[in-house]
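**Q** Here is what each chain is made of, one letter per residue.
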Amino acid sequence: MVVGKMKLTFQKRVKLVQGLGLLSWLATLCGAITFTLGCFLKTEFRRRSEVMDNTDIHCVPNTLMIVGLASMGINYFAGRICQDALDAGRFPRWKTFLKPFYGCSIFVTTLMLIAVILSYVMKGSLESSLKIGLKNGIRFYKDTDTPGRCFQKQTIDHLQMEFQCCGNNDYKDWFEVQWISNRYLDFSSKEVKDRIKSNVDGRYLVDGVPFSCCNPRSPRPCIQYKITNNTAHYNYDHHTEELNIFIGGCREALVNYYMGLMNTIGGVVLSVFLIQSSVLASLRLLQTSMEAVAGQENVEIETEGYLLEKGVKETLMEYLDPVLKLMWLNQVTSPEDTGTKNADS
Amino acid sequence: MAVLPVKFTKTKRDKLAQLLWVLNWISVVTGIILFSLGVFLKVEINKRQDLMAERQLQSVPNLLISVGLIACGINFLGGKICYDCVDTSKFLRWKLVMLPYIICTFFFTLSILVGGLMCYSLHGQLEESLGLGLREAMRYYKDTDTPGRCFLKRTVDLLQIQFQCCGNEGHRDWFQIQWISNRYLDMSRREVVDRLRSNVEGKYLMDGVPFSCCNVNSPRPCIQYQTTNNSAHFNYDYQTEELNLWMRGCRQALLDYYTDILHSIGLTVLIIWLFELSVLTGVRYLQTSLENVWRRGDPECESEGWLLETSFVATARTNFNIIKNLGKFNQINTASNGDPNIDRPSTAHYGPDNVPPKSTPIAS
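Those protein sequences? They're chains A and B, same order as listed. The first sequence runs 1 to 345 under this note's numbering. The second sequence runs 346 to 709 under this note's numbering.
In short, the hints are calculated from the structure, not lab data. This structure is a prediction, so every number in the text was calculated from the model and none was measured. It cannot be assumed that every hint is accurate.
Said to hold, decoys possible - A partial selection of chain B residues facing chain A, derived with a Cβ cut-off under 7 Å: (1) T489; (2) R499; (3) I525; (4) Y529; (5) F556; (6) V561; (7) N562; (8) P564; (9) F579.
Glycine included, each C-beta is placed from N, C-alpha and C at the ideal position.
Full structure from sequences and hints, please.
**A** What follows is the structure, encoded as structure tokens:
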């Protein structure tokens, strides 16, 4: 049962070759674009690697980069094959190359689709990675004298100002963490001693936030200490004041940012996938129609081209057989089998 | 004696014409580059218009934009002319246009040079404009309820955060203005009333700065109020603490930023000017060599091309005389009673005898 049968006159074949030539150039360019997008996404993840706990999410940009490079190679060869297609003398040398070529191309094209699906599937992993990373960042905010953690304060401050967010889930996370180092606390003062005593773990907790949580759009100078205490500030109500500090948490801000980025990239990669598939389909049609011409005296006859000679399942089995045979060969035969074999010989 | 003459064979002329065609198209691209540089500079200046006092800063980007557009047009025409110059018959179409075109392009390249040099001359005006603008912006920082000034607080805060600067010259500028609005001052408190009374103009001044002056690189949480009071904070010395607030003034920061942009743009414009000048020189050589070919009548012969036919001084003198005579053309010669024909010999022919007729007496 032939899949995708199509009659092609000589004129149509020529047009197909021309169209395929252009399309393969376009697809090479799209492969380069995919690679660039992968690099860009990777740099974006690396920039904020300090607030991410693990690098699981890096599989998306890595896949995109591999797919981009591979598709550039595939489309280059597709262009070369297409150039030789109308020349009956040069075309046969590509014969043995074609089967593994199709196998590789279909694998790479499905990998493109997988990359797009991954970018949606990995959202949960990204969120949990950011949750842990931000929690640690806020916890080690005060440790500017500890090597390895001395840049956490800078990182968190920059992050909060750039993404206009405060804390992990929201600004109240800062109330639960001691973010002022003991080096800057006057232990001789009664207020400090009282506060530390009132806490179970002996931590100095305040209802204040760092200056990087301050919202520049606020009409009044920033209130960052004694936020929940309405009487400490004139004409101030903690519940109705919205513009004073950033209310939203940094985790949500970062997840939204990265998902937006990956959605856009996913859209572009999907269109690249469509272009790549059409290149492969056209190449297959061209190859099969040219094979019917081979050996004929009159090159300008009408021939039939098809996508698959047998049905989809049979073609798949044909491809997977050599791969499976390689896998069986690697298996060690059990001793009783070898025993019976020796007895027989 | 011609200025810088060069002999051109037919093949050399053709190659020159083709090369100039390509170079003219490259010049169209450089014209687009000039245009986009002008647009970029205009956008950058407009972004911070709130912080700049009124000065003639828009002239430079406007000049670059117009010069860029005109360059595209002129070089497009030049490309067409050079393309046609390969064929001597087509050259005749452009023969009369070429010299005016070269003169126009010469003056136009002068304007590119002026644009490039102006980029370097803006420094003083920029400094003055920024100094005044920033002072006004800081003064109206607290007026977030006044229409027209309500965004100044946000602008100044974002500026100080982005450019990592504080105040006009330094953070002490904030000590001299009231940047906390009276709406947020508790007038019933004694401390507030004391502070207001102690100031001559009744302003609430303090040794504090807005949060946007806080230095991100500081190892300790930001100290923005009572910055000069060492005893108000533990383990703090105002004189030695450098990382707490941004040390640089915003005027210097913005000036450095704009100076960098203007210097890069100026350098690019000067390089483009040199390129345009070389293209113009090529076109002049092509024009003079083709004219000489046309004068001799033989399209295949070797001809000479030059920049100026006679020496520089002689050319200047002839052009000056032409301009003077242009002026004289409009003048009337008052010596002969306004009749321009009075001294001209008569050229009329009076029949076969050529005897002029007697004038008939008028009957009185």
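**Q** Hint by hint, work out which the structure violates, then give me just those numbers in ascending order.
**A** none
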